[in-house]
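Asker: These are the residues of each chain, in order.
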Amino acid sequence: MADYWNIAPGMETVLKELFSRDIEAEVTLEFNIPEKDFNNAGKGSSETKNVLKRLGVDSEILRRIAVAAYEAEINVAAHSIGGKMTSLIYDDMIHIKFEDSGPGIADINQAMVPGFSTADDLVREFGFGAGLGLPNIQKNSDALHISSAKGEPTLVEFLIFFG
Amino acid sequence: MIKLTEYLLAIEGVNQTPALDLDAIELDGAYVCDMLSDVMGSAKPNEAWITIMKHLNVIAVASMTGIPVIIFAKGNTPDEAVISKALEEEIILVTSYLPTYDLAGKLYQLMHS
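Quick mapping for you: the protein sequence lines, in order, are chains A and B. Going by this note's numbering, the residue at position 57 of the first sequence is 122; the numbering climbs one at a time, nothing skipped. Going by this note's numbering, the residue at position 20 of the second sequence is 1401; the numbering climbs one at a time, nothing skipped.
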C-alpha cells in the first residue's frame, strides 16, 4: 500500500496523531456509498453538514467541509465498487473517513494532479470527471491522508478544524 | 451587489421555485461552468451559477458550495425531482431561453453600469 499525506510542514507528528485519536467522537455518523449511485451520493455530506450547522460551526468552515466531503463521496461512487463514509465529530474538529472495497488507485501522486482523471463516460455525463476532486479535497482540508494501491481498497481521510 | 429580482427582469428569467423568497437575494457575480468539481472549487457564496446541467447533483453542488441560485441557460428546464430537492435545500432555480454568453453578459452589464 502507498500512503500520501498532505500536512503543513512541522505539524506532521501532531496531525498524524489526530488521525488515530483514541478519544471517542462526540458524534459519529456512518453512511453507505453504493457504486455509481449519483442520486444518493451526497447524502452523507449533506447530513454531516446539517449536524455541524446545528452545532454552530462557522459558515466558511462548513462550506470547506461540505465541498471536501461531497467530492470524496462522489469519488467513491464514481471510481469504486462501493464503500462507506464515517464522520467523526469532535468539539474542535471533524475527521471524515472514506473506505471503499477497491479497485484502488495505481498512482496517487498522478491522481493528485489537477485535470488527471480516469472517469468513464457515465461519470462525465453527470458533469464529474474533471480531475479536480482530490485537488479540491486537499485545498479545503487542514490535513489529508490517502492510502491505496492497484487492486486494493482505498482509504481517503481528512481533518478540518472548526476554529 | 445587485438584486436577483433585477437580474431576472433583464434575462426574462422564470422562477421554477416560487415558494422561495427571491427578494432577499443579492448577487455579487456569477460562476459559469458545467463541470461540477470546478464549480465547487471556484464558485463563491453570493454568486449565481449559470449552467446547462440540470440533473439532481447540481442541487447538492449548489448547497455544498453555498450558491443561492442556479440559472439554467438555453431553455433547459429541470424536472420535478430536481425542483423539489431545490425547495428542500432552499436553492432558487431560474430558467431562461438565453444562451450562457448572454446570461453572463447581462449580469456583467448590470453590475458595471
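Just so you know, the hints here were simulated from the structure itself, not pulled from any lab data. It is possible that some hints are incorrect.
As the list claims (entries may be wrong) - Footprint (simulated), chain A over chain B, 3 or more residues, beta carbon under 8 Å:
| hint | region |
| --- | --- |
| 1 | 1394-1406 |
| 2 | 1409-1418 |
| 3 | 1442-1450 |
Using N, Cα and C, we set each Cβ at its ideal position, and we do this for glycine too.
Asker: Now look at each hint and say whether the structure bears it out.
Answerer: Taking the hints in turn, this is what the structure says about them:
Coverage of the region 1394-1406 of chain B by chain A is violated. Counting CB-CB distances below 8 Å, 0 residues qualify, and the rule asks for three or more. Look at the region 1409-1418 of chain B against chain A: 4 of its residues bring a Cβ nearer than 8 Å to a Cβ of that chain, three or more, so the hint holds. For the region 1442-1450 of chain B, the stated coverage by chain A is satisfied: 5 residues place a CB nearer than 8 Å to a CB of that chain, which reaches the threshold of 3.
Consistency note: the structure conflicts with earlier hint 1 alone.
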